[in-house]
Amino acid sequence: MIREINENLKNGKITATDLTRNYLANIKEKDPVIGAFLTLNEEEALKKAQVVDEKIKKGEEIDLLAGIPMALKDNMCVKGMRTTAGSKILDNYIAPFDATVVSKLKQKDAVILGKVNMDEFAMGASTENSAYQKTKNPVDTTRVPGGSSGGSAAAVAGDMAVYALGSDTGGSIRQPASFCGVVGLKPTYGRVSRHGLIAMASSLDQIGPITHNVEDAAIVLSRIAGQDKKDATSAQSGGKFYEDYLQGEIKGMKIGVPKEYFTHGLDEEIKNISFEALEKFKSLGAELVEINLPHSDYALAVYYIIVTSEVSSNLARFDGIRYGLSIDDQKESRIGNGNLLETYLDTRQIGLGDEVKRRIMLGTYALSAGYYDAYYKKAQKVRRLLRQDFEEAFKKVDVIFSPTAPEVAFKFGEKTLDPLQMYLSDIYTVTANLIGAPAISFPVGNVEKEGVSLPVGGQLTGKWFGEEELLNAAYSFEKY
Amino acid sequence: MLNKENIMHIAALARIGLREDEIEKYQRELSLILDYFQKLEKADTENVEPIGHITGINNVLRSDEASENQADLVKGIFENFPATANNKVKVKSILS
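Note that the protein sequences, when read in sequence, are chains A and B.
Sequential numbering from 2 applies to the first sequence in my numbering.
Sequential numbering from 10 applies to the second sequence in my numbering.
These aren't lab readings, by the way, just hints derived from the structure by calculation.
The beta carbon of each residue, even a glycine, is placed where N, CA and C say it ideally should be.
Errors might be hidden in some of the hints.
Stretch by stretch, here's where chain B covers chain A in the computed footprint (C-beta under 8 angstroms, at least three residues) [what the hints assert, rightly or not]:
| # | region |
| --- | --- |
| 1 | 189-201 |
| 2 | 360-373 |
| 3 | 395-404 |
Please take these sequences and the hints and turn them into a complete structure.
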């Protein structure tokens with residue numbers, strides 16, 4: 002899609018300004034129902050489109066992303082633009098700098114249409130935890146778009162952006178991509194700079210693209226990847242032009258099928274679609290290899306201990322002093338006497354939503370004296386075992402296949418009363434974050450529910466910094 | 010099962026004010042999730058080192074100097090402070 006639009010821009014079939022106007026018109030028509038956008042950037046978007054049109058007119062070289070309208074998850078800072086992370090505690094926060102991914106996109110003359118909805122601080126699997134609005138799944142508006150990057154997936158699936166950036170801590174790019182029938186890529190940890198991404202869990206968070214197809218994901222990744230001195234955890238190796246590696250040929254590629262992923266609890270229909278997808282890979286010349294990931298059953302518990310621990314630390318900065326909401330005259334708190342402590346208690350009580358408070362408290366408990374060894378340290382040990390499982394597996398296979406999510410898009414309110422039920426939506430996605438490996442979700446089929454055909458995503462997990470191989474496998478699947 | 014005092018202690022550590030009716034809710038929800046975490050007890054982690062950085066990066070250092078003109082950034086940061094006085098961030102008293 003991006004390549005085709007780029008051609009059309011260069012040969013004058015459409016101007017960047019008209020293209021941007023079309024997308025803004027789509028947003029105005031569809032978004033009152035879908036609810037993807039939190040902030041529109043209309044004026045700046047059109048200004049940027051004009052710049053691109055002038056460059057084209059003068060015959061200057063333009064990048065593949067130049068003039069292409071896109072959307073950003075609202076946890077990425079854009080200088081001078083409101084950035085809420087889906088939370089009331091940042092309702093009035095105006096970012097004073099650009100996230101590295103944003104400055105990279107600006108350099109390529111990307112057209113930023115606006116900021117899109119998400120679960121508060123990226124905590125959730127349905128975008129229902131946003132403090133602002135519900136986002137509906139464009140495929141079936143009675144269902145959630147997934148989360149936490151639900152706004153990003155809905156904007157792309159609803160043709161309100163050509164592509165979007167999301168962030169993925171335990172599946173937050175891949176699961177909404179699966180629910181909305183689009184492509185979502187979580188790169189290797191460190192492949193993309195996290196500078197300017199409002200942190201949830203720093204050892205797991207990674208920014209990546211949500212797109213209409215695999216090639217677009219490769220094109221976007223190439224332009225946001227790379228080392229950044231502002232993110233000390235960013236990889237020291239450079240990025241690549243990933244789109245150059247999509248030959249659409251996977252003869253002899255070894256695809257691992259983890260025994261543990263296809264047993265208990267998996268929806269029958271999703272299981273069948275997954276097996277059909279594997280058959281297709283086989284027909285394309287790939288070899289299916291059964292593998293064992295013996296510690297899989299622990300992944301979700303490890304994930305939620307590490308996430309909540311890091312959350313309790315990262316979100317300590319929202320204190321009513323540095324930025325955002327500051328409450329100083331509430332008398333509801335249980336301790337305090339009109340001093341600084343009371344500001345903390347009241348600001349966080351009022352400004353943070355239920356799931357955020359739940360996670361902060363769980364993490365505080367897990368890290369507190371007497372419990373640290375049993376929870377956090379134990380989790381970091383099992384995390385090593387999980388990584389070793391994959392190291393062993395990758396000696397035998399090139400990529401690993403699984404469903405993206407154990408279900409199709411569910412209905413609003415179906416899981417909001419039971420936090421643990423919501424956590425189980427992440428069962429297939431959290432491991433890639435825990436071990437730092439790249440993973441992609443792409444459409445592999447559909448399931449009929451109440452007369453609507455709902456998309457199902459397949460997930461491939463690749464070797465560390467092996468995005469080119471991973472993308473090529475998904476690209477080959479998509480192509481045939 | 011966490012008791013009422015546990016929840017109040019955790020909330021105080023986390024600097025989160027709670028209403029009376031929320032305490033019971035968090036008692037129930039947090040206990041349920043902590044029970045799920047118990048699963049890890051079964052994992053054999055003898056002689057396993059806890060993992061550090063997941064892709065193995067170690068001690069990334071840089072010199073501590075401002076690298077660009079930061080005036081604009083500083084202004085933006087100031088504008089986000091909920092309360093300022095004399096070009097400084099204003100904080101309430103810490104002693105009663």
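**Message:** Hint compliance check: list the failing hint numbers for this structure, sorted ascending.
**Reply:** 3
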